[in-house]
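Once you've looked at the hints, dock chain B against the given chain A.
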Amino acid sequence: MKYSITTFFLFLLIFNPINGKGEENTFDKYNSIILLDSTAVSVTSKGSGSFAIYKKIKIQSVAGTLANRIIKYDYDPLTASAEFRTATIYRANGDVVNLDVTAAQDYVAPARAIYWGARQIMLEAGRLAVGDVIEYEIAKKGFTYALLAKNEDDSRFIPPMQGQFYDIIPFWVEQPTIRKVYQVSIPKEKEMQFQFYQGECASSMRCNGEQNIYKFAMDNISPFIKEPNMVDLFDAAPKLMISTTPTWKEKSLWFYKTNEEYGSFASLPEAQKKVNELIYGKNSEMEKIAILTHWVADNIRYSGISMGKGEGFTLHNTKMNYTDRCGVCKDIAGTLISFLRMAGFEAYPAMTMAGSRVESIPADHFNHCVAVVKLSNGTYMPLDPTWVPFCRELWSSAEQQQNYLPGVPEGSDLCITPTSDPQNHFVHIIATNKLDKKGNLKGEFTITAEGQSDRSVRRIFTLGWQSDWMSTMEKQLLDISPKARLLHVDWGKNPKDYQSGPIKITFHYEIPDYAFIGKNEILFKPITMNNLYNQVRSYLYINTNIIERKYGFKDACSRLLKLDETTYIPKKYTIVETKNIPLINSSAASFEGSILQEGNKIVIHQELALKKRVYEASDWDSFRNAVNAHKSFEDAIIIRK
Amino acid sequence: MDTNYIKSTIILILAFTCNTIFAEPLDAEYQKLAETWTLHANGSQEYRRSMELTLYTHIAMNYTYGETFICYNPKYQNLKIHTSYTKQKDGTIIQTPDNAFVEVLPRNAENAPAYNHLKEMVIVHTGLELGATIFLDYSIISKPGYLPELDLYKEFPQISPVKNYTLTLSVPKNKSVGYEQFNFPIKPSVSYSDNIQQIRWEIHNLPAKSHAPMVSLKDGDIPGLLVSTYPSAKDALQTLYAQFNAPKDPQLQTVAEALTENSKTDVDRLHAILDYVTNQYSTCRLSISETGYRLRNADAVINSAYGTEIEMINLLYGLLNAIDIDAQPIAVYNFNNEPKVYGLNGIKEFLVLAYLDNKQYVLYPTNKKITGNFKDKGLAINLCNGETTILTPLSSDITYQAEIDLTSQNYKASIASTFGNQFTSFFGNNIDFIPKLSNSQKETQNNQEIIKGELSTPLKEKNGYILMSFPSTTVSFSGMPYASFNTGRKENLMLPYCPIEKYVYTIHIPENMDLCTPDKEKKIDNNVGSLLVSINTKGKTVKITRSIEIKKQFIKADDYAEFRLLMTEWADPNEQQLLFKCIK
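In order, the protein sequences belong to chains A and B.
With our numbering applied, the first sequence covers 1 to 641.
With our numbering applied, the second sequence covers 642 to 1225.
Here chain A stands alone, though its shape is the one from the complex (with noise of 0.2 angstroms):
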């Protein structure tokens, strides 16, 4: 497509902004409006959906042209196609522009660590101007997309749960929407099950001959406002989830089925070896489970490449995985799930949800993929060999409250993950410092850390550049007081070994001109409360200032901190004010602390217990209230003669 450059007049129209009309004048601050967003599906017997993707939006500012110049769609090559139907430009001058699809470009699309072939659509509609109307059609056909040519063979258009279809259609928004239509046609035989949450909208079912139209629409939909650390938009914002498939366990049934009938679990005579020498002397199952997990944790390094056809829903096979030693979740839980079939245990896939809730309508809501092992109880226990490389959790707290659907023989329902408690990842520093009368502070301190704290701590030694050990160490005492200077640092024989226990590291130090010196006082500020080992304290980075919130919220993990710090002051030295928080305590979280002085010495102790990752709205005051109770104590402390 070619411009002359008299065309450039046309963008001068930025200096003279259009009002919209009737409700779009609300939305006059935003850069684009989209005028309509319709989606239309027809699906066939055998699951497959012919898309018809329609968009007009209307720019209103510079920012708004840039970001419209180029129209790009993403699709998967394995599974749809997608081509541009139409593309116009109808310019505020009253001038329309078709913008020739057939110049449309399909690529390969940039990737980093899944490297599947997904490809995109582009098409360049080039400078704007404010005011511009730009609306295009696309085709898609998949498993979830839509239509194209006649003459092809559709086979892989078909969803590998066949006759099948299911479809996750946010209905949030990010510029404002005047109109947003998804409606789909489907055979009469077929049975839909569909649900809109946390939220409304218009819908209905109407019988088209052979075919039931089910349509769903909503009208001047206004960008979320999202709140910091709040759960998923998934969570909290207005979608729709429709499925044809009647419960998860018919789907779990088909997981199971699609792997034991590809084979992805077959022995192997190198892999066998492996896990023969890998479970050499483990005599509990436990032992053998976690050895296992933790090989493959460890050396089956994220980077997928495709195996072709199956690939996205199907788990490589035990040759692939243990020649190519790389993968994404599926191909590394599907090496243990064939490793621990090899050490004689009954192990299956399962596919999960990192980041927001599944459901109970069964679409396929899902973006990682586990194992799950049988224990000799009869239970099955989830492993996530992805998710705790150089960590010694098998199922990462960092998944706590996590839905999950085993692809078992027995089929099963949707299941969940439990809390981890908090002293699976505490934390513990304890600190012993001499102040002097000129404010020179000289002392240790030694953190300990277990569970998903211990991942945080050690990290530096099992995922860090071993010439950086040293310098990293020093930058932890740097983030006190650029002041410190590190004496001598402890890791112990082998911090990388992080299968021996909770991470211990001794810090020897002295930090000059550490306190603020008056005339008879000496102020000073907790070392375990001046940004030390910040990275471990995940809960600083949710903003505690907020006092109310609609939505649940995040953090990274459940955690314990406990800090206890003696500081020896000078002789006649009296603190100004002790403080004493007795224990306050809820079904989110806990905090007691205290700061006292004993004889020449100033005793600081805290214990913030936060109980979950995921919370609920709710939730929020509790936490709040420990953790800013925690923060109080990081006021410097006066002491005077």
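Where hints are given, some of them may not hold.
[Stated by the list, open to error] Derived lysine to aspartate or glutamate pairs resembling EDC-like cross-links, with alpha carbons at most 20 angstroms apart:
no., chain 1, residue 1, chain 2, residue 2
1, B, Lys795, B, Glu665
2, A, Lys493, B, Glu665
3, A, Lys72, B, Glu751
4, A, Lys442, A, Asp513
It should be emphasised that the hints constitute simulated quantities derived from the structure, not laboratory data.
Computed from a prediction, not measured in an experiment: that's the story for all the values here.
Chain B alone, transformed into the frame defined by chain A:
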């Protein structure tokens, strides 16, 4: 010869020869790395890279070397993989399977339809384990005419050390090739055969790239090589400049005139054009080498609303030129001094210099808030004529005076301050030097921004005490990251400028408050600079003076401790606050 250069050279020789003696534990190591650049008589070129890389730790295996990424232009270049396999610790060979060679769009070419044909070959190295060695050998063969000349700029250190590193140039005998070595003394071997001239460097035990911040070739810490068959800087730059729109391009003239229609002065016109270029285009991050040293003309850029860096320079320069504003497109290099040879790959960035009313304007087409030239920029050369250009030095002085009236609830400060033109942008859209200033007055005099105004800040009393922090500015040198750098440093450090800052606070203490901070005077005067912090009380008035001057912009490794001493004192929060007691 600079003593620093001699010292760096000795250190590098020692590093090359003694690395194995003083070796740090290895995460990975190149057993062999060989790079060859061949220029054929017909103008075609081949770049060949061959490596044997052994992995020892998980950061190397899981997160660093799992994939190799190779960008090329399939229209003009052919990528040939000679060998790709992994040798596992027990000797098992795992050939890279076909599905582990994946071609994708380079991220830098995203959203740029004109460059959508570029490719990035991702080679996923399979069979990796601790102790495994990756063997990869590939060539990129460019058709005659695609690459204008043999032109390379290479900083040697890799993420991991290299046992045996060879760099080879192969050019027709009758072709003149020049090179410049940076910070390494090893002489190449030169051989001739069959009308081919071959130049070869062999480096043993090359240490890994330093992880210290702000380490660069131009500061003497990184060994590197510049090679070019261009006869001169002008010839090299002409490759780009010849693709610029012609001077006084009538179409650009139309655009520029429309943009500046309502502008009254030349400065207004300059501002209007810069505003248009910086706000109404998306930036494409492809480098000149990724686009084959090609650029689209301004018409295409205007119509598509995006451009690469050099395309945007052409547009900005062309628009200024079209309305007779004296402007020059400038290439800034990765090194400070004029080398023996010039190519295009040694260029770090491009900018446009404009001159109005005897003032030099440093303009970037992607960001109009960038202020003047920091003095560590590097060698600057005019694209039009290949001549070296001097960037006008700017003032980095800050003075700040605050007259403060204190109560137990708040303080009110009357502030008068000046900021050197180092900090000020050309069109008054400065960042907020003094946040929350009310009744502010600003004027520009003698290359300085004068800012006056009032501040009111609440104070919190606790247990009868008030801790008051001094107001300051967002552009103080204390905001630089140097105080948090590690205590030891083996490398030199170039500062963006030499700060001269002075802050004077006069605080009037009310009758119901007493100052608890004793008078003091702390002075440091060393090789690198000087610092003064003083507190002086007279009756109910306390005067605080804080000043710093750094005399050396180039901090040699030997001076680092003295520099750090000044920085940590200057950033010390205890030196930036006073304690008061409330009298009930």
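| Tell me, which hint numbers fail for this structure? | Number 1 only.
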